[in-house]
Amino acid sequence: GEDVEQSLFLSVREGDSSVINCTYTDSSSTYLYWYKQEPGAGLQLLTYIFSNMDMKQDQRLTVLLNKKDKHLSLRIADTQTGDSAIYFCAVIDATNKLIFGTGTLLAVQP
Amino acid sequence: EPEVTQTPSHQVTQMGQEVILRCVPISNHLYFYWYRQILGQKVEFLVSFYNNEISEKSEIFDDQFSVERPDGSNFTLKIRSTKLEDSAMYFCATQAGDNSPLHFGNGTRLTVT
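Residue numbers (the numbering used here), protein chains in the order written: chain P, 143 to 252; chain Z, -19 to 93.
Fair warning: there could be bad hints in the mix.
Going by beta-carbon spacing under 10 angstroms, a handful of chain P positions derived as facing chain Z [claimed, not checked]:
hint: 1; residue: V146
hint: 2; residue: L185
hint: 3; residue: F230
hint: 4; residue: I234
hint: 5; residue: T237
hint: 6; residue: N238
Simulated from the structure, these hints should not be mistaken for lab results. In this text the structure is predicted, and so the values were computed from the model without any measurement. Positions of the beta carbon are idealized from the N, C-alpha and C atoms, including for glycine.
Taking the hints into account, I'd like the entire structure generated from these sequences.
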């Protein structure tokens, strides 16, 4: 089945850029998503990219997709303390289920 | 922006009891899902529901679990005879079409004692 992997932890200083990486195995994924989860809260859809695109920018967020390497990244420019959260990459598998990555805890130091 | 609403936000129950978790989908959405997140672990797919029937279910979703949409609005997850290992956050998600993003509720934290 689909396997989605992320690094577990990233620490950055306020104002720096954050880059969160994700790799997946199933090349049939048509949409790839980034969700944000703040402590004790639900899953907030941040952004998503269609598989025929290689980049999508939305204000401070930039998503890069390398289909050949099955690699997805989320860049957050000018990272703020309010960006501290767990970020989940998620892809649609061959049976149209959303499969989540392990999550990356982003810690923003003031 | 329309939201997926889940109730209750926190449910504490004793082992062996039955619980019903409720979800109000976004009004024009057609596909419904339940996901589970055990503390510190991945978000796992439980079940998908479309056109008043289960489309797919995971290995986790055994006979202990059931879903229904009894009144055309609420989408419920029933867990019979709860076990300690059912303690988790349960997320409802809804989707307008099969190529649309999933929108998640804030979850119900289930604690089985």
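Against the structure, the hints come out as follows:
1. V146: 9 angstroms, holds
2. L185: It holds, given that the least Cβ distance between P:L185 and chain Z is near 4 angstroms, below 10 angstroms.
3. F230: For P:F230, the interface hint holds, since the closest Cβ of chain Z sits about 7 angstroms away, which is under 10 angstroms.
4. I234: This interface hint holds because 9 angstroms falls under the 10 angstroms limit.
5. T237: 6 angstroms, holds
6. N238: 6 angstroms, holds
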